[in-house]
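K.L.:
Protein sequences, first through last, are from chains A and B.
Residues 1 to 233 (the numbering used here) are what the first sequence spells out, left to right.
Residues 1 to 233 (the numbering used here) are what the second sequence spells out, left to right.
Hints were generated in silico from the structure; no laboratory data involved.
Among the hints, erroneous ones may be present.
Identical copies carry no separate label here, and so any pair may be met within one copy or between two of them.
[What the hints assert, rightly or not] Quick list of in silico lysine-lysine cross-link-like pairs, PhoX-like style, CA-CA up to 20 Å:
1) K5 / K141
2) K47 / K142
3) K30 / K47
4) K118 / K47
5) K47 / K27
6) K118 / K27
Number of protein chains: 2
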Amino acid sequence: MSETKSVGVIGGLGPAATLDFFDRILKRTKALHDQDHLRLIIDNNTKIPDRNAYQRGDGPSPGPALAAAAHALETVGAEFIVMACNTAHAWEADIRAAISVPFISIIEETTKVVADLKPERAGVLAVDACLASSLYQDALKKAGVAPVLLNADSQRTFMELIYRIKSGDTRDMVRRSMTTLARKLEAQGAEVIIAGCTEVPLVLTADDIDNELVNSTDVLVERTICFAGGELK
Amino acid sequence: MSETKSVGVIGGLGPAATLDFFDRILKRTKALHDQDHLRLIIDNNTKIPDRNAYQRGDGPSPGPALAAAAHALETVGAEFIVMACNTAHAWEADIRAAISVPFISIIEETTKVVADLKPERAGVLAVDACLASSLYQDALKKAGVAPVLLNADSQRTFMELIYRIKSGDTRDMVRRSMTTLARKLEAQGAEVIIAGCTEVPLVLTADDIDNELVNSTDVLVERTICFAGGELK
Numbered sequence: 001m002s003e004t005k006s007v008g009v010i011g012g013l014g015p016a017a018t019l020d021f022f023d024r025i026l027k028r029t030k031a032l033h034d035q036d037h038l039r040l041i042i043d044n045n046t047k048i049p050d051r052n053a054y055q056r057g058d059g060p061s062p063g064p065a066l067a068a069a070a071h072a073l074e075t076v077g078a079e080f081i082v083m084a085c086n087t088a089h090a091w092e093a094d095i096r097a098a099i100s101v102p103f104i105s106i107i108e109e110t111t112k113v114v115a116d117l118k119p120e121r122a123g124v125l126a127v128d129a130c131l132a133s134s135l136y137q138d139a140l141k142k143a144g145v146a147p148v149l150l151n152a153d154s155q156r157t158f159m160e161l162i163y164r165i166k167s168g169d170t171r172d173m174v175r176r177s178m179t180t181l182a183r184k185l186e187a188q189g190a191e192v193i194i195a196g197c198t199e200v201p202l203v204l205t206a207d208d209i210d211n212e213l214v215n216s217t218d219v220l221v222e223r224t225i226c227f228a229g230g231e232l233k
Numbered sequence: 001m002s003e004t005k006s007v008g009v010i011g012g013l014g015p016a017a018t019l020d021f022f023d024r025i026l027k028r029t030k031a032l033h034d035q036d037h038l039r040l041i042i043d044n045n046t047k048i049p050d051r052n053a054y055q056r057g058d059g060p061s062p063g064p065a066l067a068a069a070a071h072a073l074e075t076v077g078a079e080f081i082v083m084a085c086n087t088a089h090a091w092e093a094d095i096r097a098a099i100s101v102p103f104i105s106i107i108e109e110t111t112k113v114v115a116d117l118k119p120e121r122a123g124v125l126a127v128d129a130c131l132a133s134s135l136y137q138d139a140l141k142k143a144g145v146a147p148v149l150l151n152a153d154s155q156r157t158f159m160e161l162i163y164r165i166k167s168g169d170t171r172d173m174v175r176r177s178m179t180t181l182a183r184k185l186e187a188q189g190a191e192v193i194i195a196g197c198t199e200v201p202l203v204l205t206a207d208d209i210d211n212e213l214v215n216s217t218d219v220l221v222e223r224t225i226c227f228a229g230g231e232l233k
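Given these sequences and hints, build the entire structure.
P.N.:
What follows is the structure in structure tokens.
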């Protein structure tokens, strides 16, 4: 048994994306026995207030609940914390203030992977609350990459798709609509597309588009395994 | 948002079975939004000592680690505890002694479902350590059902299959071999087959056999959702 670090996962934002993160962690970890896998403590915390509702002025801030979740994970042995959700990183400061262990940012790590591809423009598929916090826009600009966003109409369609995925609908129609949106960003000059919402990889794969897809879930999965000291398969 | 109870899940025994339990919980819960799903706090605790190795006299007891995991889950808000593993229920007493919230036993609940089918004989697919603790045998006999077990040779094959599944191998060959074992129990007179190891449903479905399959994972999933106050889909 290798001495890997225990990982605290703030999840439930939403649950399907958390399941997908867990699944990808297991698939990417080189393991023959149960004990070779990482210890993950996952708080599938569906009681954290809706991020987009808050951004619309339609509900309480998720900040305190996110900070409490992070703190609780540290309390029960998590040696570092990750969050299987891009948007909730708008409350990263609250989370970091509540813990004394490291926090790995999905935004920071995903942007690093994008920057390494050296595009001039990167398309961002992210929900309203994520865009309103300018998480990817700021990180990309700092890395010298121009962010490309959907127009208002397409962004509305995107939000409808995300809520459909959250309700369990990942049928072909949803897949095709998501591909259309990603291709719109390509048509607007994006040389790389960022799946900047952990629900997006549930319906969009690299094969669906012409350019490179940087899947924020996969980036976080790889960084998590490496930081924990596990072995990538 | 419905006021459902938070569920503590002792997992990692093994990780793929824990992922499967989580997946089935999401699929069986009636939910339109993230907030309609249950809060699950999952300790995918791969650092818990191997149950079968202990039974072979080849490692430490998992008891203290299981008790500590249960206690930690309660500490961070779990209002009841479940364990996505049959075998580890041999240490149920240690777990119950460490917590003040309810614990739902997969063995007890699965046996109830079997007893309701009123068979004379039920076949048990369970690992060596589970059989050595006589968990299902005792529970079935108490319910007036005679347990049917694999012979020594077939049980050895069963153990090999379980370790293959734990290593990520769920290919057709493994599926076919598991079906053959289940059918052997049918040939021995079992009118119901119990998938009494949470790795079994990863490769065996009700369609594979003639008689009824009682899947311990599905039983625990349904009982968990109901006990939490969630709605079944």
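K.L.:
Against each hint, give a clear statement of whether it holds in the structure.
P.N.:
Comparing the hints with the structure gives:
1. For the homomeric pair K5 and K141, neither the shortest alpha-carbon distance inside one copy (33 Å) nor that between copies (43 Å) is at most 20 Å.
2. Taking the shortest Cα distances, K47 and K142 never come within 20 Å of each other, neither inside one copy (34 Å) nor across copies (40 Å).
3. Taking the shortest alpha-carbon separations for K30 and K47, only the inter-copy value of 16 Å comes in at or below 20 Å, while the best intra-copy value is 33 Å.
4. Taking identical chains as interchangeable, the C-alpha atoms of K118 and K47 are never at most 20 Å apart, the minima being 39 Å within one chain and 40 Å between chains.
5. Taking the closest pair of Cα atoms, K47 and K27 come within 20 Å of each other only across two copies (18 Å); inside a single copy the shortest separation is 28 Å, beyond that limit.
6. In this assembly of identical chains, K118 and K27 lie within 20 Å of each other by CA distance neither inside one copy nor across copies; the values are 28 Å within and 40 Å between.
Hints 1, 2, 4 and 6 from the list above are not met by this structure, while the remaining hints are.
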